[in-house]
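Go ahead and model the full structure; you've got the sequences and the hints to work with.
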Amino acid sequence: MATEMRREAMPDSSEALHAIAREMRALVRRRGALSAAAAVLPVPGVDIAVDAATFADMLMRINRAFQLSPEQIEKLHTDERLAVLAALSQVSALFAGRYVTSAAVLTVVKQFGSRWITGKVAKWVPIAGQGAAAALSYWTVVKLGDAHIDECMRVRDRVRALLAAPKTSGRAPGA
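With the UniProt record's numbering applied, the sequence shown closes on residue 175, and no number is skipped along the way.
This list has only true hints and no planted wrong ones.
No farther apart than 20 Å at their CA atoms in a straight line, the calculated lysine to any residue pairs in the SDA-like style are these:
no., residue 1, residue 2
1, 75, 61
2, 75, 60
3, 143, 154
4, 143, 34
5, 75, 163
6, 143, 131
7, 143, 27
8, 75, 85
9, 143, 29
10, 143, 48
11, 143, 23
12, 143, 91
13, 143, 25
14, 143, 20
15, 143, 26
16, 143, 52
17, 143, 50
18, 75, 160
19, 143, 132
20, 143, 38
21, 143, 65
22, 143, 22
23, 143, 53
24, 143, 18
25, 143, 61
26, 143, 56
27, 75, 64
28, 75, 89
29, 75, 86
30, 143, 49
31, 143, 57
None of these hints come from the bench; they were simulated from the model.
Listed below in structure tokens is the structure:
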């Protein structure tokens with residue numbers, strides 16, 4: 001029974017991973033639309049607050065969908081946990097397997113900073129600036145979300161490969 005529950009929780013087939021990725025890409029686009037809508041609001045700071053909350057929540061939802069949240073990793077059987085941790089380091093995961101905090105959101109802002117800030121400043125130019133700000137906000141959220149989904153897919157593929165690899169007994173051949 002525990003194995004069945006674990007099998008349901010751990011995406012272990014390419015089809016399951018792609019289905020999760022499709023679902024998460026839809027989430028990313030919805031969050032991008034929310035960010036774009038906040039970008040056109042004339043209230044100073046609301047768009048930045050919405051973006052920060054959107055980024056953090058979206059990244060954690062994607063982690064959970066791919067069974068890569070820190071809490072989920074802690075609950076894994078030792079072999080699976082070691083495979084996930086090894087895959088996270090081998091793939092050089094930025095957000096997968098980690099708590100997504102305000103500090104993590106600041107890392108994102110630094111990566112996408114110039115376009116993001118341009119959008120925030122452009123919003124104060126009437127009409128066209130608001131459209132540009134909305135487009136840039138949408139683009140930033142979608143770009144970040146898609147990159148994170150791709151990262152999670154690479155981690156999951158690597159975990160599958162590590163778990164499928166033959167185990168060595170530690171003894172010399174022929175002993």
